[in-house]
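Could you build all of it, start to finish, from the sequences and the hints given here?
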Amino acid sequence: TTPIIPQVKGRVVDVPVRPNVSLKKGDPLFRIDPAAYQFVVDQKKAALAEAEQGVKQLKASLDQTSAGLEKANAQLSLAQANYDRQNQLFQAQDIAQAALDTARRNLEAAKQTVAEAQAIEQRARLAFTSDIGGVNTTVARLSADLRDAQYDLDQTTVVAPTDGYVTQLFLRPGMMAASAPSGWVCIAANSF
107 TTPIIPQVKG RVVDVPVRPN VSLKKGDPLF RIDPAAYQFV VDQKKAALAE
157 AEQGVKQLKA SLDQTSAGLE KANAQLSLAQ ANYDRQNQLF QAQDIAQAAL
207 DTARRNLEAA KQTVAEAQAI EQRARLAFTS DIGGVNTTVA RLSADLRDAQ
257 YDLDQTTVVA PTDGYVTQLF LRPGMMAASA PSGWVCIAAN SF
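Under my numbering, think of the first position of the sequence shown as 107, with each following residue one higher.
Heads up, a few of these hints could be off.
Stated by the list, open to error - Here are the computed distance ranges between Cβ atoms for each label pair:
id	residue 1	residue 2	range
1	Gln149	Gln228	30 to 40 Å
2	Ala204	Lys162	44 to 54 Å
3	Gln224	Gln163	17 to 27 Å
Keep in mind that the hints were calculated from the coordinates and are not lab data.
Heads up, the beta-carbon is just placed ideally off N, CA and C, and yes, glycines get one too.
This is how it looks when you write it as structure tokens:
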């Protein structure tokens, strides 16, 4: 005899087997109410869909910050060119020191803007490229959670591990099944 122990717990809703009737490997022995497990699967699917959408938002954010960095670099180039012109004019004594100082402050401000844009772009790039095996880390974690929840849901139907017969059947609909001796259904087969 082989004790059959469910992988999940819950109220038994169906016991389609009969004592001393031949069973094939994979035939259902009993079913545990799947509702609670289905709810978890549905929650995990929703969380996964949200995370997959979040990856698209991370990509859009990266694109936006990259464009901001390009704009900051263009402004830096303009500020550098303006400073260079102002410096030449100052060397030729065509403008006052104040004009050169203004150009210098504008150049420094543009450099700080580029540094800030680079940091923002780097943060967005790290968020978007955080992955395991080419899959976003959040999506990978939620996919694993979904597979785990789906496994539990699949375990609500307990099946015969091999061909055989049910020799002792104590389980009835309405009883609680768990990974404990009170939830066992015994199967005897020649192949054990």
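- Message: Could you work out which of the previously given hints the structure breaks and list their numbers from low to high?
- Response: none
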